[in-house]
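Given these sequences and hints, build the entire structure.
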Amino acid sequence: MIPEIGQFALILALSLAICQGVIPLIGAYRNDVAMMSVAKTAATGQFVFVAVAFGCLTWSFLTSDFSVLYVANHSQLSLPTIYKISAVWGAHEGSLLMWILILAAWTVAVARFSSALPEAFAARVIGVLGLLSIGFLLFALLTSNPFDRLTPPAADGADLNPLLQDPGLAIHPPLLYIGYVGFSVAFAFAIAAMLSGDLDQRWAKWTRPWTTLAWMFLTLGIMLGSWWAYYELGWGGWWFWDPVENASFMPWLIGTALIHSLAVTERRGLFKSWTLLLAITAFSLSLLGTFLVRSGIIVSVHAFATDPTRGFFILAFLAIVVIGALILYAWRAPSLDSEVGFSLLSRETFLLLNNVLLVVAATLVLMGTLAPLVIELLNGGKISIGPPWFEIAFLVPMIPLVLLLGVGMHTAWRTQDKRPWVALLRIPAIAAIVIGVLLPLLFYGRTSLLLALGVAAAVWIIVMSLIQPVRSMRRKEGAAAITRSALGMSVAHLGMGLFVLGVTLTSAFNIESDRALTPGESIDVGAYEFEMRELRDVQGPNYSAVEAIIEIRKGGEFVATVRPQKRQYLVQKSWMTEAGIHVAWNKDLFVALGDQLGNGAWSVRVQYKPMIRFIWFGAIIMALGGLIAVSDRRYRLTASKPSRVSSTATETA
Amino acid sequence: MLAVGLAVAGIAIAAAFTLRAFQDNMMFFVEISDVVAGDYPKQRNFRIGGLVVDGSVEREEGSMDLRFRVTDMNCELPVSYVGVLPDLFREGQGVVAHGRLGEEGVFVADKILAKHDENYMAPEVADSLAKHVEDKTAPLREGVTECNPQ
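For the record, the sequence lines run as chains L and B. Residue numbering for the first sequence follows the working numbering, starting at -3 and increasing by one per position. Residue numbering for the second sequence follows the working numbering, starting at 59 and increasing by one per position.
Note that these hints are calculated values from the structure, not bench results. Be aware that one or more of the hints could be misleading.
Unchecked claim - Interface residues of chain L toward chain B, partial, derived using beta-carbon atoms under 10 Å: (1) A357; (2) A367; (3) V370; (4) N375; (5) R601.
To be verified - Straight-line distance between alpha carbons at most 30 Å, and here's what the computed BS3-like set of lysine-lysine pairs gives: (6) B:K100 / B:K169; (7) L:K583 / L:K550; (8) L:K569 / B:K100; (9) B:K100 / B:K189; (10) B:K169 / L:K583; (11) L:K414 / L:K472.
Using N, Cα and C, we set each Cβ at its ideal position, and we do this for glycine too.
Here it is as structure tokens:
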């Protein structure tokens, strides 16, 4: 019964999405207030019904209702409760439902915090979001119904993929989706602005906080995915340039460009058409990512099982969205030329370069990701592009980007006077070069050109981002404090600096060794000695495991004991590696068990990973910067008390 | 428009700059039958894929040296590998390996690819198997003997 309620709720949600997608847009066109006011009510109603559907699916998982095909395929009686919940979005159908729920939630948030927007504009934004929702609900109902029944019901389920039975992965997809889907808000604002033809700077001001929020969630989502891959896939890498990782990274790059471009549009009314194009691109790349993951056309460790219908549907949807948006863009954008100018030495110039470099980076990633597909279509054979290519290619735009970033932050809008500017930059630049050369030599005993450049760039960004906040703290009484918006920028850039430092040092000084080890034996990796003390059997709730007790010593002194496991999950009979990791602020010591080799020996992968925590820590600081920027008073105006319309909407719901 | 122009120029420069690296890092997938027939890129790494032949995995006790055979249901290729195997490596299952052809026709793998999900098979492997299996539901033949490299 419960699954049927869920199914029915999903169909009702579709009907409401159609109302939400059609009536307000017609209303805005005809300037009909009654029709426009349908937007918020329909959006709230749609959210409620999608939430009911999501709740029903969760209930089916919690009660282990194996008469539901999706539950039978992705759960199991002895699965811990937390993973029964996260299994809801553990595979295609459920994660699509979650995607729809998040889209509905963003829409309700926009409806709730849109009282400062002109009614017609808000109606258009919500209407466009409704159109997107129609597409996804149809996708779910026609090709990927999570409530399909299984007759006769299974006695027990097939279990959740053991790789997904992990707390990191329980929250990685929701955060990533909140980010991905969040760009649909920026997209909807762009479309609404183009539909209305009224593209003044207010549009950028309204869009900015939403875009920054989406970007913040996407940053956290990607960071969690990287962290999960590091400890759960078992092999200690933090980024693999896998097509699906790239699929989340491209919208991030374009989203980052969009945030910066919006700043120019809001402050100076420049780059309007470019900003619109970025908003369209960021969301289109999110859809492309969905297509790549769910169609199975690209070889990836992440790919869901292949289904051509789904691939075709999402490709058609992508085509409609992109082509529709671009036609509208081609029609409206030419009228957007701006009269304002700026001098060569100005913040505008640096933000322009930022945008160019980020777009180049995203294009290179896109090229590398799609090249295998294109070459195969041209009958050029089946190829793959390895991480080394991405690593080289990506550095080309990134090195100038990080160097310019430090300068751009301290350049004034419109035009910057040269002399104070050079005076400000001189000392940090010298400091960065000196530390860049010395730090690797002093702490790690060797260096190279790229390494010195990486460290210098990181120090450069860190110092430059600290200048403004420090000055604000030490300001004289009565002087204006730093705005939240500027503080957010500084913090996000500080995070970027920490990230660059982590990436540089980890890749340069990481030591990795695969060895055969029997209890009592030890191996040396860097300055550390890893001794396998014993092997023992361990029982988990739904797995049995072999655990190695490994003692780590440095110069004879005890550092830590780690307990890597090799688990066999009982239902799927599949093996899983749980790495044993000793975490310190400046290094990880990582041990993973490989295979049983006979004679009591196991293959073991041991790694020394200096500064790797800075990669994820830097990403968290970047996201924090986004949060601070959103809390700026400028934007709080849009989040004022609910208007009459939205409060009645809540009551009807 | 200035931004679009600059972006296009930037992309062109970056593309030119990285095109060479692109060629060096491109790795071809070669079907087992083609490898056996001698039709594979010499002097560079390539990828192979197929099913791990049942009972073919041999390991020297206590050592990380490993040998197994991979089949595309037409021909078989011996593979050697030293290192840690991915969790989903199993006899009778699909596998993808990176490496090059060494002496005596043994494929020396430097990387064995993991999969995310055991129901998922890399599309190129599925294609190459489908060519040689008329009835895709037929059980695996053990130790395919006749091999007809095209």
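Consistency of the hints with the structure:
1. This hint holds: A357 of chain L has a C-beta 8 Å from the nearest C-beta of chain B, less than the 10 Å allowed.
2. Below 10 Å, beta-carbon pairs count as interface contacts, and A367 of chain L has one with chain B at about 7 Å; its hint therefore holds.
3. Of the supplied interface hints, the one on V370 of chain L is violated, with its beta-carbon coming no nearer than about 12 Å to a beta-carbon of chain B, more than 10 Å.
4. Annotation: interface hint on N375 of chain L violated; nearest CB of chain B at approximately 13 Å, more than 10 Å.
5. Interface hint at R601 of chain L: satisfied, since its Cβ lies 5 Å from the closest Cβ of chain B, which is below the 10 Å cut-off.
6. For the given pair, K100 of chain B sits about 18 Å from K169 of chain B by alpha-carbon distance, which is consistent with the 30 Å threshold.
7. In summary, the hint linking K583 of chain L to K550 of chain L is supported, as the alpha carbons are separated by about 13 Å, within the 30 Å threshold.
8. This hinted pair does not check out: K569 of chain L and K100 of chain B have alpha carbons roughly 39 Å apart, beyond 30 Å.
9. Among the hinted pairs, K100 of chain B with K189 of chain B is consistent with the structure: their alpha-carbon atoms are about 24 Å apart, no more than 30 Å.
10. Using a Cα cut-off of 30 Å, the hinted pair K169 of chain B and K583 of chain L holds, with the two alpha carbons roughly 26 Å apart.
11. Between K414 of chain L and K472 of chain L the CA atoms are separated by roughly 26 Å; this keeps the pair inside 30 Å, and the hint holds.
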